[in-house]
Amino acid sequence: MQPLLEVRELRTHFELGDGVVKAVDGVSLSVPRGRTLAVVGESGCGKSVTARSILRLVEKPARIVGGEILLYDDAPDTKPLDLLAAKDKRLRQVRWADIAMVFQEPMASLSLVHTIGDQIIEAVRLHENVGKQEARDRAIEMLDRVGIPDPKRRVDSYPFQLSGGMRQRAMIAMALSCRPRLLIADEPTTALDVTTQAQILDLLQDLQQEFGMAIMLITHDLGVAAQVADEVAVMYLGEVVEQGPASAVLSHPKHPYTQALVRSVPRLGQRGQDRLVAVRGTVPPPYERPTGCRFHPRCDSFMAGKCDVTVPVRVRSDEIDVACLLYGEEADR
Amino acid sequence: MSLLETKGLTMHFPLHGGFLGRNRGFVKAVDGVDLSIKAGRTLGLVGESGCGKTTLGRCIVRAYEPTSGSIMFDGVDLAPLSEKQLKPYRAQVRLIFQDPHSSLDPRKTLRDIIAEPLRVQDAGSRDEIDDKVASLLRRVGLRAEYAHRYPHAFSGGERQRVVIARALATNPRLVVADEAVSALDVSVRAQILNLLRDLQEESGLTYLFVSHDLGIVEHVADDVAVMYVGKLVESASTEELYSKPLHPYTEALLSAVPDPDPASRGQRERIKLLGEIADPSKVPAGCPFHPRCGYAEARCASEVPQLREIGGANGRKVACHFAEQLDLKGVLTATTAP
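Just so you know, the sequences run in chain order A and B.
Take 1 as the starting number for the first sequence in the UniProt record's numbering and just add one per residue.
Take 1 as the starting number for the second sequence in the UniProt record's numbering and just add one per residue.
With the rest of the complex left out, here is chain A:
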């Protein structure tokens, strides 16, 4: 089936005084319709920059230097819209109406001097031809839908009057007010406590059922990915190293990085006195990307003369697309 969104060879670089940081360097992934894709990776792997690049929300010194971001229409066989080539005006229509975004820290992305109701009303009225009262009713309905108690009163609250979990709910209400086809959620629960996190994740899943939207969930937490994602894409140093169904990628990962990542997380209820298996070494500094496979200096399956020379291309192994020389024709030679 046609995906909803396809990112091809996206490159977003930070042009800094000391050199170029290739934060996103050839990311390819696809978001299936009406389902949840989790993009996982450690800090600095470029997952947030990828998310922001999709809506072209990157600012200097970052610049999108290449790639395609294709948004497919609901009708089959129509030409997809390349968001990177689209005119600003067209892109503004896409934001909110087709693709909306929720950020990690709601306090930093909500306006402090407007009530949450006014912020939702503004978004609705920019995209749909509705009157003030109707937009306000929509805002109240959305706040109610995301579980904010007493929405008729809360619609006139300022963000600082809400708790962290409530603010995130308000953010979600705002993002969904124009019924987008894709919700990009960048670490939506990272700043929250576990019990609140569970509430927000449940809410996102309920809303997905109700509105049939796709979700692209950016997270560093493999637990969150395992509990909500249908598909998982794993990023390392600006690339997607592996993408496939969540059950396959997290239970039987192909890429040595994903394998190491999965092993390094203690699983609840599996208490043993054994040591955790850590990934060797540390993420290399941003200006020095390793040659060949970027993971090779930390990889347990490192093959000298191969991994440090050849850049792996993505191949399909079982249901998983993986970029590693252990798989595919390269491996058999």
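Errors might be hidden in some of the hints.
Said to hold, decoys possible - Straight-line Cα separation of at most 30 Å, DSSO-like style, residue types lysine-lysine; simulated pairs: (1) B:Lys282 with A:Lys152; (2) A:Lys132 with A:Lys152; (3) B:Lys272 with A:Lys152.
Since the hints were made in silico from the structure, they are not lab data.
On a predicted model such as this, the values are computed, not experimentally measured, just so you know.
Starting from the known structure of chain A, fit chain B onto it as the hints suggest.
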């Protein structure tokens, strides 16, 4: 034997505001906490943000002067001691901070950072201190040559090793690790957790491991105490607590932890808590958890449950009126894992 034992430890912060900054009440950050840690063991202290776990840790290292209560460390009550009297204990009780980016002075070299507690404690000549710093760096898995570099040259995981080296400089007996791995990425987190475990095995350290992450606490702690709005609601051995919680809050916390195994999806029943964590300046009457508790009855709204011993071999404690009647679910624990 307990190395540390607190009795009725309380830390209230006055709330000022309004005309002339009059006192408008207190934030009861820590409210009558009794806990004990046996020598050479790790006590995990868990709870959500605002529950007072960090304040409790800071009271124990005496970064705060507690409002009331006692902190018995090896038979001496640290709570009423003056700064001068505290000096010998400052070496024995050390704190590891959460954020390795803000807890290291960017203008000092690693040598000066790690040597600082040694200088305060008059631990010898320059050369002796240099040797000590070199051996500490090696102990935490860094190269001794790094001593003359500055923190900015290191990654988060390496910086956290420096923070640990500084904490170990004075050969402490008790280390309070406050969210010591929360700011680290998973791959590096495992390295630091392994390091903490190795150090404990080498030198018999005792840890108070403060964390919001129940997965990690299960992995590192021998015993666990659960805190809610300034009070302990349950304490038990890790196995008992994770396999069979006795307090509804513990049960809810455990059920909320996302399991990294996708096969478990939909298998575990998640308890949906109503509302949000209570405001520690306006603690609900009765059991502080009752407004969110699915098992609450009339008695819970009026009568404060005391933390009381209940069954179990090692003095398991819980603060719930109905602990005996409730049949709460834990997460399965494979105690005999190889």
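How the hints compare with the structure:
no., hint, in the structure
1, B:Lys282 with A:Lys152, "25 Å, holds"
2, A:Lys132 with A:Lys152, "15 Å, holds"
3, B:Lys272 with A:Lys152, "24 Å, holds"
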